[in-house]
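S.K.: One letter stands for each residue in the lines below.
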Amino acid sequence: MNIAALVFYGFATVAVGSALLLVSMRNIARSLFLFFIVLFSVAGLYVFALADFVAITQILVYVGGVLVLMLFAFMLSNKELLKDLQRGASHFFALPAWQSVIIAASFLAILVHTSLQLGANEPTWISASREAGTTLTPTDHTIQHIGVQLMTRYLLPFEIISVLLMMALIGAAHLTRKEAAS
Amino acid sequence: MIPLAHFLIVGACLFSIGLYAVLARRNAILVLVGIELMINAAILNLVAFGRYDKTLYGGQVFALFAIVLAAAAVAVALAIILNVYKFYRSVNPEDIQNLKD
Chain A
1 MNIAALVFYG
11 FATVAVGSAL
21 LLVSMRNIAR
31 SLFLFFIVLF
41 SVAGLYVFAL
51 ADFVAITQIL
61 VYVGGVLVLM
71 LFAFMLSNKE
81 LLKDLQRGAS
91 HFFALPAWQS
101 VIIAASFLAI
111 LVHTSLQLGA
121 NEPTWISASR
131 EAGTTLTPTD
141 HTIQHIGVQL
151 MTRYLLPFEI
161 ISVLLMMALI
171 GAAHLTRKEA
181 AS
Chain B
1001 MIPLAHFLIV
1011 GACLFSIGLY
1021 AVLARRNAIL
1031 VLVGIELMIN
1041 AAILNLVAFG
1051 RYDKTLYGGQ
1061 VFALFAIVLA
1071 AAAVAVALAI
1081 ILNVYKFYRS
1091 VNPEDIQNLK
1101 D
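Protein chains in written order, with the numbering used here: chain A, 1 to 182; chain B, 1001 to 1101.
Please keep in mind that the hints were generated in silico from the structure rather than gathered at the bench. Among the clues, some could well be false.
Claimed, not checked - Computed beta-carbon distance windows for the label pairs:
(1) B:1097 with A:60: 35 to 41 Å
(2) B:1056 with A:72: 24 to 30 Å
(3) B:1098 with A:33: 29 to 35 Å
(4) B:1093 with A:130: 44 to 50 Å
What the hints assert, rightly or not - Chain B stretches covered by chain A per the calculated footprint, using a threshold of three residues with CB under 8 Å from any CB of chain A:
(5) 1028 to 1039
(6) 1048 to 1055
Stated by the list, open to error - List time: in silico SDA-like cross-link candidates among lysine to any residue, alpha-carbon distance up to 25 Å:
(7) B:1054 with A:69
(8) B:1054 with A:126
(9) B:1054 with A:161
(10) A:178 with B:1088
(11) B:1054 with A:124
(12) A:178 with A:69
(13) B:1086 with A:68
(14) B:1054 with A:127
(15) A:178 with B:1086
Even for Gly, the Cβ is constructed at its ideal location relative to N, Cα and C.
Go ahead and model the full structure; you've got the sequences and the hints to work with.
M.R.: Right, dumping it as structure tokens:
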């Protein structure tokens, strides 16, 4: 086993393990910081899929923006923050709701079953790309190509996304504004 | 090179954990974290398949779009959560039972 595979499985273990800990923890502040670890290790997994620009964007947008926003919302919306933090380890894990466990486990079973069958009957476009030699290699300059594609082929979705982002920001500002004194 | 199926299995694990968080947690912020986990699993699948697409880069470009959409969704959802908290003094989805006033 080479070192790259070792690092990949390390990242995968950290991601899945902290996600499991995240959903089983009672303390929300700890869960949010575990979410931080999950996002970082998933960004590491993106690098192994040869998508380094997506990994950097993940760290910038999620870790820098979304997570700070979530911490703000948590601290603004929790009266019992200090009580939670001081309660200690007596209620470290929450009891799982068994119906949700069953639904999530059956989803996991179906998805893993489907993924394992992918090796036997591969989609034709993947085999065609492998034969034509158009799969990404670690020495490719992906960022330059992504920039060119974003400004030519994917220009319409790009513009739609930017308009939608502006709508969402205006909507969020409208939702959180103070009511005028009536 | 890591096989494609291993990426998909990691993505499946993250998706199921996110689904469990959405179904079982009693805090709206953690439900939102569960949704983000599911979105991350989907993005992982996009970039894993995008490895076989050197000419168009569809997987990676749409992974970027998905990240931006998720960030916009989080901004709106947190604004709604804060408004709900101002009204009900609670972020438990089970306490929120009225649609209007």
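S.K.: Each hint: holds or not?
M.R.: Verification of the supplied hints:
1. For the hinted restraint 35 to 41 Å between residue 1097 of chain B and residue 60 of chain A, the CB-CB distance of approximately 39 Å keeps it satisfied.
2. At roughly 38 Å, the beta carbons of residue 1056 of chain B and residue 72 of chain A sit outside the given window of 24 to 30 Å.
3. A beta carbon spacing of about 34 Å between residue 1098 of chain B and residue 33 of chain A agrees with the range 29 to 35 Å that was offered as a hint.
4. Between residue 1093 of chain B and residue 130 of chain A the beta carbon distance is about 46 Å. The supplied range of 44 to 50 Å therefore holds.
5. Here the region 1028 to 1039 of chain B counts 7 residues with a CB under 8 Å from a CB of chain A, which clears the bar of 3, and the coverage holds.
6. With a cut-off of 8 Å between beta carbons, the region 1048 to 1055 of chain B has 8 residues touching chain A; three or more are needed, and the interface restraint holds.
7. Of the pairs offered as hints, the one joining residue 1054 of chain B and residue 69 of chain A is violated, with about 35 Å between alpha carbons and a cut-off of 25 Å exceeded.
8. A distance of roughly 11 Å separates the Cα atoms of residue 1054 of chain B and residue 126 of chain A; the hinted pair therefore holds under the 25 Å criterion.
9. Taken as a hint, the residue 1054 of chain B and residue 161 of chain A pair is honoured in the structure, with Cα atoms around 23 Å apart against an allowance of 25 Å.
10. The hinted pair formed by residue 178 of chain A and residue 1088 of chain B meets the criterion: a straight-line CA distance of about 17 Å does not exceed 25 Å.
11. A hinted pair counts as satisfied when its Cα atoms are at most 25 Å apart, and residue 1054 of chain B with residue 124 of chain A qualifies at roughly 16 Å.
12. Of the supplied pair hints, the one linking residue 178 of chain A and residue 69 of chain A holds, its CA atoms being roughly 19 Å apart against a limit of 25 Å.
13. Distance restraint check for residue 1086 of chain B and residue 68 of chain A: the Cα-Cα separation of roughly 20 Å lies within the 25 Å cut-off, and the hinted pair is therefore satisfied.
14. Our distance criterion of 25 Å between C-alpha atoms is met by residue 1054 of chain B and residue 127 of chain A, whose separation comes to about 13 Å.
15. Only pairs whose Cα atoms come within 25 Å are accepted, and residue 178 of chain A paired with residue 1086 of chain B is accepted, the gap being roughly 11 Å.
Of the numbered hints given earlier, the model fails hints 2, 7; all others are met.
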